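Trainee: Here's the letter readout for the chains.
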Amino acid sequence: MARSVLLRHLGLAVLGLVVVVLVLESTSAFRNAQFATMAYLGIAAGGLTVLTGLNGQLSLGHGALMAIGAYTTALLLQDQQLPLVAVLLVASAVTTLIGAVIGVAAARLHGPYIAGATLALAVAVPGVALYFNDQLGGEQGLNVFVPDVPGWFADAVYFLSAQDVSGSKYVAYVGWLSLIVTFVLLANLSRSRVGRTWRAVRDDEVAAEIAGIPLGRARVLAFVVSAACAGLGGAVMALTVRITAPSGFTLTLSLSLLTAVVLGGLGSLTGALLGAALLTFLPQLVTSLGLDVGLSDLQSAQLAPLVYGLTLALVILLAPAGIVGSVRARWRRQQERATHDYDLPTTTAPPSPARTPGDEPGGDK
Amino acid sequence: MLEVHDLTTSYGAVRALSEVSFAAPSGQVTAVLGANGAGKTTLLRTISGLVRPRSGRVLLDDRDLTRTPTEQMAALGLSHVPEGRGVITELTVEENLRLGGLGAGRFRPADLDRVFALFPVLADRRRATAHVLSGGERQMLVIGRALMADPRVLLLDEPSLGLAPRVVAQIFALLRGLVTAEGLTVVLVEQNARSALSIADHGVVLNLGRLVVRAKASVLAADEQLRHAYLGF
Amino acid sequence: MQQLLNTLLTGLTLGMVYAAFALALVLIWRSTRIINFAQAPMAMITTYVALTVIDADYSYWVGFTAALLSGLVLGAAIERLVIRPVEGKPHINAVILTLGLFIVIHAVAALLFGSRYRSFPAPFGVRGFQVGEVNVALTGFGIFTIGSVVVVMLLLVALFRGTDLGLMMRAAAFNQEVARLLGVRVGRMFTLGWALAALVGSLSGLLIAGGSLVHPSYMDSAVVFGFVAAVLGGLDSPVGAVVGGLVLGVSLSFVSGYVGSELVALAALGILMVVLLLRPGGLFSHATPRRV
Amino acid sequence: MRIPARPTGTTGEGRFELSDVGVSFGGVVALSEVSLEVAPRQVLGVIGPNGAGKTTLFNVACGFVTPDRGTIRWRGVTLRRLRPHQLAGLGIARTLQAMGLFDRMSVLDNVMVGADRHAATGFGSALLALPRSARDERRLRDRAMAVLDELGAASYAGRLPPSLPYAMRKRVSLARALVSNPDLLLLDEPASGLSQGEMAEFGSVLRGLTERMAVLLVEHHMDLVLSVCDEIAVLDFGRLIARGAPDDVRSDPAVLAAYLGVEVREGAASPGGREDNSARSA
Amino acid sequence: GAGGRPDKDEKGGSASDVGITEDTVTVGAHHPLTGVAAPGYSEIPDGARAYFDFVNANGGVDGRKIEYLVRDDGYNPTNTSQVTNELVLKEEIFAMVGGLGTPTHSAVVDFLNKEGVPDLFVSSGSLQWGDDPGAKPFTFGWQPDYEIEGKIAGQWIAENMPDAKVGLFLQDDDLGVDSEKGVRRFLDDQIVAVEKYTSGNTDVAPQIAALQAAGADVVMGFNTPSYTALSQLVALKLNYEPKWFYSSIGSDPALVGSLLARFSEGAVKDSASLLDGVMSTEYIPGVDVPDNPWVQLWQRVWDEHGKEGELTNYRIYGMSHAYAFVQTLQAAGPDPTREGIVDALEQIGSDLEGPPLAPFRYTEDSHLGISGLQLVELKGGVGEELTPVLVTDLGDAPIEEDDSATEDAPPEDGIPDVKPVG
Ligand SMILES: Nc1ncnc2c1ncn2[C@@H]1O[C@H](COP(=O)(O)OP(=O)(O)OP(=O)(O)O)[C@@H](O)[C@H]1O
Ligand SMILES: Nc1ncnc2c1ncn2[C@@H]1O[C@H](COP(=O)(O)OP(=O)(O)OP(=O)(O)O)[C@@H](O)[C@H]1O
Ligand SMILES: [Mg+2]
Ligand SMILES: [Mg+2]
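Residue numbers (this note's numbering), protein chains in the order written: chain A, 1 to 365; chain B, 1001 to 1233; chain C, 2001 to 2292; chain D, 3001 to 3282; chain E, 4001 to 4422.
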């Protein structure tokens, strides 16, 4: 069982890759661009779900970390020297570094205090771009020069599908490859002792500490991993959007990421991907639908957030563990009924009802 | 008199209580015994409405409490000292105690003094936040708080947990006193069957969620076979 | 000198507005352990209620009262209909629900009231005083703002510290199950907490709107700074919320006036980080709790 | 399967010593001038009334509370600025009275967390799920299963702690401490909530442990304490009031008065009364 | 060939027929319909749509009805990029008309040019839409850019108030930067303070207090309308009464007046009086001159095809765009192509007659929009001319009077009639 972790994840990755090629090659350029969007949201959401779901830190500032990745990418691509892979790695590394600093500060904080600090981060970072007007382009932002599609890549895709690779399709491929790599790594981590350590810290700090886990280091590590993802997501975002400007990194972005991971199912990578898909496709679908039934531009535009908000509320009310979490729980319950076997791995079950933080049986631990 | 009839309670697929029936007569101590996981806590939680039974009824002096919300129990004279975690650690000792009276709709400062006299440690700490208390001190606080409500029926879930033997003896003596003097009805859940039976009038034994024995305490304590089978002493 | 004084004074008034918002957050935090992100749009809706009433030619104070009352009702309704069902679930669910509410209320308001700017009256003068040669950037409405926030703070302190009701509200917030066992009507406490918080929230909405412009997003910047103020103060303390608001308002005013307005948010982050690194539970937090 | 024994040479070569430890919280003196030592393979019981400072003593030993005064020595080395997470590495394990199980992780994962200090691979190999890390995991898992098996909890490995019976949760928390293979085990009221039968079982488990490690035991169940401890120390109001072999301590009048409570049965005035308590406040 | 391609690799024919059929031509635009920028700006597409409906009702252009698709971007470049993808790739629009905002449109301008989509009349005064047609051949600006507005206003103040101490109140983006550049050309040594506010931060008291402290007796605001209202409010609070100038985008008197409509009793009697004496600029006639024939035409269009609500300057702005687009389409001939549109604008752009008070600057070398404007002073909510229409260009181009476009009157039927070029 243990031996198969890597194989299992690689198998899923290959499967994912096949699906990605099939989907990208069979959909329009517009859908390709949407898939690129989904990819960068998915990458960032994957990182966030690890942080919040596995380690219990609530970040409202991942949009700001994405901004750091995106700006780094824009700067690196201005004089097109580095290969794209290197650019993505550097963007992620820079974000990781800054994430480490923030993580060190956040590691001392709890629940709403982390939320407050990261919220402030989310609104503060765009101001930096304004302050360093000359380097970062101020309100107007930086244009991102997407490198040309490398010949070998275009050839490879042509070989597979007899289609040429447009710019937006190339970015979609880059995004999804990044996503698959990220998710494999995150899945590895989450199944490893590192992930176990994070969960332990989330569930009971004191017990984790006594078991020999340095709390601060575990928290910072989780934040750093999550920041690396956000940075990579930001880099792909820069490529997709072709500009990085402060107004692209509003608080809404950070909050949307959080809603997406909860919607999908906190702590689940599949859930994060599902959340990213909803964020990407739902508004556009709803707006088109609204226009089709004859609503005005303005009304259809307002309809999109309305439906997203309602979906969010409904999912939370009807499926409190998120979509993936609830489906899993239901599946598990059925298994239980069928077999009366309680020894199933139940690592992601919701916590027992009516637990309140604070006092514990017997008082002093 | 507190009665339960055919009480069945499940947690999801796990059935914790199966058709349990017994009566706890007024002015007497009824001990609920049984191994770990027998369903003792679940029984008390079902009586006080924290969990809803699948079927069966709970009656207090012939009044049906089965669907009564937990928060109304205190006012009806039923106090439940939960297993562990019963202190609101963020409030001060005194606030915890006040709440005991307030919730039941009858806070009397005199009761405070009574509890403080009973547990002098608490008096020293009345303005301290409860999280500084030691395990035993918390347990004293929870018991003291239940007394603040001046209940008619007291459900105690392992009150001796974490208490020094001397304090346990003191509390048991106090309970006995309240039962005889004021006609308090006590349902006492205890792991320590021997000491529980020493103050109880009746005993019921649960096993795997089923009631297996119901007898006078003295009979139970004397029956070696039963003791070995279910009570482990 | 003049600039210094006026920067200080405008910062003070602004800080009080943040404080009002923070007070509302603190109230909900204290009574349900939830951070209510929908606070801003809820307040915005009630401001529109006031505007509608005032547009119908009633006096400002009728509108004011209508807004506060509708806040009370709205808060109670949201708690009962939306928050109640996720009670007992992980807190993040409720928080995400309030984010959902944020989005929904926004969209509904834009559809109902349109997304244009509208002017909102102030009950007192909005012209500054002149003392001799010195212009004092304090208006009648500013004084009203400061006064009302201080009064609300004192009332909240009195409620929580001095009354049985406040004690029961806190108990319900800290430990539902035990509170319930003790006979506290937990549900009612939650509803009450939300209702009161929404009332204070709509007060903050009215204070921000007074003499200025409203549109469906007009409260959005208060979300961030109000939350930061509450966290600065320690989230549990009404006094902390007001002090946090003042610290934030005044320092941001100075940063904006003397350093650069683009750095305002960064300064807020800086202040927050410094405070939290020194006191991880905010300015008015209790001593670090016993952990074991 | 037995837990693999430590390589000899380090095993218990050394004592755990607290000397002249003093702790006060604000006005409350929780410990004063307490000196204790635990020899290798010894079981030292610590008893005392509620609030006597037993848990505080453990907290000092674990680095959760920094003492105002006094030193802690382990294997002859003075531990300064001790942080809780360093304990496991030093070969000291502790259980929490509240158990502190990780509620959303399986029992097996809970125990594996305790074994974490024996993991040989780091972040990199975890990230890449290298075979090395898989082997490591397997090793930890086997180790955890072995301990669970030894404590009779193996069949619960896949369950979540909240759904376990109380005694089983206690065992899991003990397993988590044992799996780190400590030289010194600190147990804070391990038997509370156990039935007599379970307690007897637990006693024999404890005695089995002493072959491998020293145990410091805080417990209110005198039967257990008397039956497993080599020596007993009695705390009252933060002071060490007695120390000795179980039989001596049991009949010590001071201990009887302060802790065991003969006088309650005899109807005498409670010695833990007000005067005494206020005397503790500085 | 590489990757197994057929060896001859001929790029497909030009995509000029995209978005246009026998009887329709589809155009699109991105606007902030939701979010903080929605107040005001969301009215622009209403105006444009009303005029397109008006044209369609009268037979369209060369028998083609204009289909106008608007997508919301919430003033967020990320969204702009997404909705532009949708418009171009999914809806296959023929041209983008009037996409709004500097940072937002920056996100898509390269894409539009790469895809060869005419990107007409960008709703922003940034220079970048027109100063380098080589790099962005399909993009055309529309309104007078911020730099020439700054130049013209700066020169007037330098000439008429040579002793004034000037303070600048700037939005911290290209609006502030470009305007300051223009203003400094004439007022460099008169400027005593420059204060910038960040859009979204509604507390401008520190900025205004700083201007007051610097002793500025003329304050030139280059800001959006809500900040006009906010700065007026703060000035009131500070008892600060300089001479105010607001740039055209911030000074729509009707709007600002209504924003300030409601103060407490005594503070401001009626809103218009607060703005009396404020200077500003105009480059198209607005609702304050209801007798202007153009405004009368817009009123008619709005009455016939508008939605609920009054005619506002934002709506007029949208209609003016739409009018210019109809002209362009006509100029491109009966079978317009995307390239044809660009050629037509470059050839006759500067001769187009329309509501703007000054001609466009479109040539092969410049895609900058309207070349000038006139200074006005607000009296009772109406702009009174301070200068004739002045035109100029970037850099040190001279400022000159030009009334060539002021006399343009709308055609009888309200629909332009431009002859195809070439
Ligand atoms: N929240 C829960 N979810 C699932 N199962 C539960 C839950 N609480 C208790 N159980 C199960 O119900 C059964 C009865 O538990 P209960 O706590 O009532 O026993 P108990 O007699 O009080 O035991 P103890 O002596 O350990 O306190 C046990 O098998 C337990 O695992
Ligand atoms: N952080 C703290 N602040 C103030 N007082 C404290 C703190 N921690 C412990 N105390 C007090 O110190 C005393 C000793 O507490 P400790 O928890 O060590 O007792 P204990 O011997 O473990 O008691 P028990 O048997 O009840 O668990 C208690 O009176 C407790 O209230
Ligand atoms: Mg129990
Ligand atoms: Mg203790």
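Worth flagging that the hints you see were computed from the coordinates, not collected in a lab.
Source: prediction; values computed, not measured.
Yeah, the Cβ is synthetic: ideal placement off N, Cα and C, and Gly gets one too.
One or more hints might be untrue.
Said to hold, decoys possible - Derived CB-CB ranges, DEER-like:
1) Q78/A x G3122/D: 44 to 54 Å
2) L285/A x K4307/E: 16 to 26 Å
3) L2069/C x K4379/E: 40 to 50 Å
4) A13/A x S3019/D: 54 to 64 Å
5) A13/A x F3025/D: 53 to 63 Å
6) G294/A x L2069/C: 35 to 45 Å
7) L1208/B x G3122/D: 44 to 54 Å
8) D148/A x T4363/E: 23 to 33 Å
9) A1110/B x L2069/C: 55 to 65 Å
10) T4363/E x G294/A: 39 to 49 Å
Trainee: The structure should be examined with respect to each hint, and the outcome stated for every one.
Mentor: Hints, one by one, checked against the model:
In this structure, Q78/A and G3122/D break the distance hint of 44 to 54 Å, their C-beta atoms being roughly 37 Å apart. For the pair L285/A and K4307/E, the supplied restraint of 16 to 26 Å holds, since their beta-carbon distance comes to about 25 Å. A hinted range of 40 to 50 Å for the beta carbons of L2069/C and K4379/E is consistent with their spacing of about 43 Å. A hinted range of 54 to 64 Å holds for the C-beta pair A13/A and S3019/D, which are about 58 Å apart.
For the pair A13/A and F3025/D, the supplied restraint of 53 to 63 Å holds, since their beta-carbon distance comes to about 54 Å. Between G294/A and L2069/C the C-beta distance comes to about 38 Å, which sits within the given range of 35 to 45 Å. At roughly 46 Å, the beta carbons of L1208/B and G3122/D sit within the given window of 44 to 54 Å. For D148/A and T4363/E, the Cβ-Cβ distance of about 32 Å falls inside the hinted range of 23 to 33 Å, so the restraint holds.
The beta-carbon spacing between A1110/B and L2069/C, approximately 41 Å, falls outside the hinted interval of 55 to 65 Å. Taken as a hint, the range 39 to 49 Å holds for the pair T4363/E and G294/A, whose Cβ atoms sit roughly 43 Å apart.
The structure fails to meet hints 1, 9 from the earlier list, while all remaining hints are met.
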